[in-house]
Each structure stands twice: as structure tokens, then as C-alpha cells.
Amino acid sequence: GAVVSQHPSWVICKSGTSVKIECRSLDFQATTMFWYRQFPKQSLMLMATSNEGSKATYEQGVEKDKFLINHASLTLSTLTVTSAHPEDSSFYICSARGGGGYGYTFGSGTRLTVV
Amino acid sequence: SQQGEEDPQALSIQEGENATMNCSYKTSINNLQWYRQNSGRGLVHLILIRSNEREKHSGRLRVTLDTSKKSSSLLITASRAADTASYFCATDLRLGSGTYKYIFGTGTRLKVLA
Chain A
552 GAVVSQHPSW
562 VICKSGTSVK
572 IECRSLDFQA
582 TTMFWYRQFP
592 KQSLMLMATS
602 NEGSKATYEQ
612 GVEKDKFLIN
622 HASLTLSTLT
632 VTSAHPEDSS
642 FYICSARGGG
652 GYGYTFGSGT
662 RLTVV
Chain B
47 SQQGEEDPQA
57 LSIQEGENAT
67 MNCSYKTSIN
77 NLQWYRQNSG
87 RGLVHLILIR
97 SNEREKHSGR
107 LRVTLDTSKK
117 SSSLLITASR
127 AADTASYFCA
137 TDLRLGSGTY
147 KYIFGTGTRL
157 KVLA
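Chains as they are written, first to last, in the numbering used here: chain A, 552 to 666; chain B, 47 to 160.
Mixed in with the good hints there might be a few duds.
[What the hints assert, rightly or not] Subject to a maximum C-alpha distance of 25 Å in a straight line, what follows is the list of computed DSS-like cross-link-like pairs (lysine-lysine):
| no. | chain 1 | residue 1 | chain 2 | residue 2 |
| --- | --- | --- | --- | --- |
| 1 | A | Lys617 | A | Lys565 |
| 2 | A | Lys615 | B | Lys147 |
| 3 | B | Lys116 | B | Lys72 |
| 4 | A | Lys592 | B | Lys157 |
| 5 | B | Lys147 | A | Lys592 |
| 6 | B | Lys147 | B | Lys116 |
| 7 | A | Lys606 | A | Lys571 |
| 8 | B | Lys157 | B | Lys102 |
| 9 | B | Lys116 | B | Lys102 |
| 10 | B | Lys147 | B | Lys115 |
| 11 | A | Lys617 | B | Lys147 |
| 12 | A | Lys592 | B | Lys72 |
| 13 | A | Lys617 | A | Lys571 |
| 14 | B | Lys102 | B | Lys72 |
| 15 | A | Lys615 | A | Lys565 |
| 16 | A | Lys592 | A | Lys617 |
| 17 | A | Lys571 | B | Lys147 |
| 18 | B | Lys147 | A | Lys606 |
| 19 | B | Lys147 | B | Lys102 |
[Stated by the list, open to error] Chain B is faced by these chain A residues, among others (derived, beta-carbon under 8 Å):
| no. | residue |
| --- | --- |
| 20 | Thr583 |
| 21 | Phe585 |
| 22 | Leu597 |
| 23 | Arg648 |
Bear in mind the hints are in silico, worked out from the structure with no lab data behind them. No residue lacks a Cβ here, since even glycine has one placed at the ideal position from N, Cα and C.
Using the sequences provided together with the hints, build the complete structure.
What follows is the structure in C-alpha cells.
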């Protein structure tokens, strides 16, 4: 079946540094990818919708200059958390539309810890 | 943004009992899906129900959809300790110009006691 590969699965970084998370669709093309953030014991909150070849659409309250999304090809979208702070520590999950019977395939998530 | 509100937020039952979780949403949908998530892990897709369907079964899972009430329910029968997890509904929203949005509900934390 369709697979979305998300890397890294976990990362620890220092405050003020930037972290890049990759989401790659394997064996299918994903014109649209979604990025979510999940805090402990909470649901997945949609951060932005990433469309190949165009600017990402950010949800209200999500800082586009802090969370840079690049969807340069039909199989790769990246989320860069810039100038990370401890409050950015969270579980980040990507999803690609397409490739499966129900249309959405999820990455395994990235646990970001900012110290 | 959150599309779906789920209740209860938390549910604790004994093994063998049935667990029912409800999801309400706000706008018209193409389909609704249920997911399971073990603590700190990724999502596991459980079942999809399309907007023109009213009920679907998969093993011990039964999902209903009432589009007039904009609500769905997930029933897990004969629960097991291994069913302990968080359960989320998610709705597929078709926006204009062929774009889509995929929104999750607030989730129900289920604990099945052995």
C-alpha cells in the first residue's frame, strides 16, 4: 500500500536553532500534503496545507515565518521549524493525499524536543 | 482548527464491555474516518464511511453516520485491554478549486481495564 516516510522520527535541538522535518511519499505522487502538530493528550491540529509548486496555506494562528513549508516536488514536502523554542516541542505529523483507497496516508510522526 | 467535537473526552470501561464514542462536525463532508493512536505513536486508520453511507462494520468496530445531525459514532464491542488508546474522527472537506482539508476531532481517550 501507499507509504509516507517521515524523518526524523525524533529530534532534540537547542533553543534558537532550526529543525527540518521531511515527509516523502513513496510510490505515489502527492499534490497535497498536510502538516499537523499534536501536544500531549490533545488532538492533531492542522497547521498548514502544502501544495506542490505553490505557497502553503496556513491555518489561523500558525506563524508562516516560523514554520516554513516547502513542497518542491510531487513526492517531498518539508517543514522547517525556525528559531525553535521549548514551546515548539511537540509531535509533528504529515499526511499526503492520494495513493490509498481512502485518500490520505500519514507519516509516522516526528517528536521534537527543544531544550 | 478543529472540525469535530468528540465525546466523551475520556472513557474508562471494563474488559468485555462495549465502548461508544461520538463525533460531531460542523460542515458538509465527503467522508468521515476513524483513527486510533496509541500513546506517543502514529495513527492507525480504522474505518472510512462515506457521506452516502449510514453504517459500516469492520470486525468488532461499528461506525454510524448521520449527515442530518452531522454526527458519527464508533462502537467497539467486547473491548480488550489492547484497545486502550485515543480515538479520533477526521473529516474530509472539499474546498473550492479542487482543494481539500483534512480535520481531526478532539478525540476520546479510551482505557479498558483488565
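Now for the hints, and whether the structure bears them out:
Distance restraint check for lysine 617 of chain A and lysine 565 of chain A: the Cα-Cα separation of roughly 16 Å lies within the 25 Å cut-off, and the hinted pair is therefore satisfied. Note on lysine 615 of chain A and lysine 147 of chain B: the hinted pairing holds, with a Cα-Cα distance of about 18 Å set against a maximum of 25 Å. A C-alpha spacing of about 7 Å is found between lysine 116 of chain B and lysine 72 of chain B, which places the hinted pair at or below 25 Å, so the restraint holds. Restraint check for lysine 592 of chain A and lysine 157 of chain B: satisfied, since their Cα atoms lie roughly 13 Å apart, inside the 25 Å limit.
Straight-line distance between C-alpha atoms of lysine 147 of chain B and lysine 592 of chain A comes to about 23 Å, which keeps the hinted pair within the 25 Å bound. A distance of roughly 17 Å separates the Cα atoms of lysine 147 of chain B and lysine 116 of chain B; the hinted pair therefore holds under the 25 Å criterion. The suggested pairing of lysine 606 of chain A with lysine 571 of chain A holds, with an alpha-carbon distance near 17 Å, which does not exceed 25 Å. Pair hint lysine 157 of chain B plus lysine 102 of chain B holds up; C-alpha atoms about 24 Å apart against a cutoff of 25 Å.
For the proposed pair lysine 116 of chain B and lysine 102 of chain B, the alpha carbon gap of about 16 Å is at most 25 Å, so the pair holds. Of the supplied pair hints, the one linking lysine 147 of chain B and lysine 115 of chain B holds, its CA atoms being roughly 21 Å apart against a limit of 25 Å. The suggested pairing of lysine 617 of chain A with lysine 147 of chain B holds, with an alpha-carbon distance near 21 Å, which does not exceed 25 Å. The suggested pairing of lysine 592 of chain A with lysine 72 of chain B holds, with an alpha-carbon distance near 23 Å, which does not exceed 25 Å.
At most 25 Å may separate the alpha-carbon atoms for a hinted pair to count; lysine 617 of chain A and lysine 571 of chain A meet this at roughly 12 Å. With a C-alpha separation of about 21 Å, the suggested pairing of lysine 102 of chain B with lysine 72 of chain B holds against the 25 Å cut-off. For the suggested pair lysine 615 of chain A and lysine 565 of chain A, the alpha carbons sit about 21 Å apart, so the restraint of at most 25 Å is met. Taking the CA atoms of lysine 592 of chain A and lysine 617 of chain A, the gap is near 24 Å; set against the 25 Å cutoff, the hint holds.
Taking the CA atoms of lysine 571 of chain A and lysine 147 of chain B, the gap is about 23 Å. The hint holds against a cut of 25 Å. As the CA atoms of lysine 147 of chain B and lysine 606 of chain A are separated by approximately 15 Å, the hinted pair is consistent with the 25 Å bound. The suggested pairing of lysine 147 of chain B with lysine 102 of chain B holds, with an alpha-carbon distance near 23 Å, which does not exceed 25 Å. For threonine 583 of chain A, the interface hint holds, the least distance from its beta-carbon to any beta-carbon of chain B being 6 Å, beneath 8 Å.
Of the supplied interface hints, the one on phenylalanine 585 of chain A holds, with its beta-carbon coming within about 6 Å of a beta-carbon of chain B, less than 8 Å. Because the closest C-beta pair between leucine 597 of chain A and chain B is about 6 Å apart, less than 8 Å, the hint holds. Below 8 Å, beta-carbon pairs count as interface contacts, and arginine 648 of chain A has one with chain B at about 6 Å; its hint therefore holds.
The structure meets every hint from the earlier list without exception.
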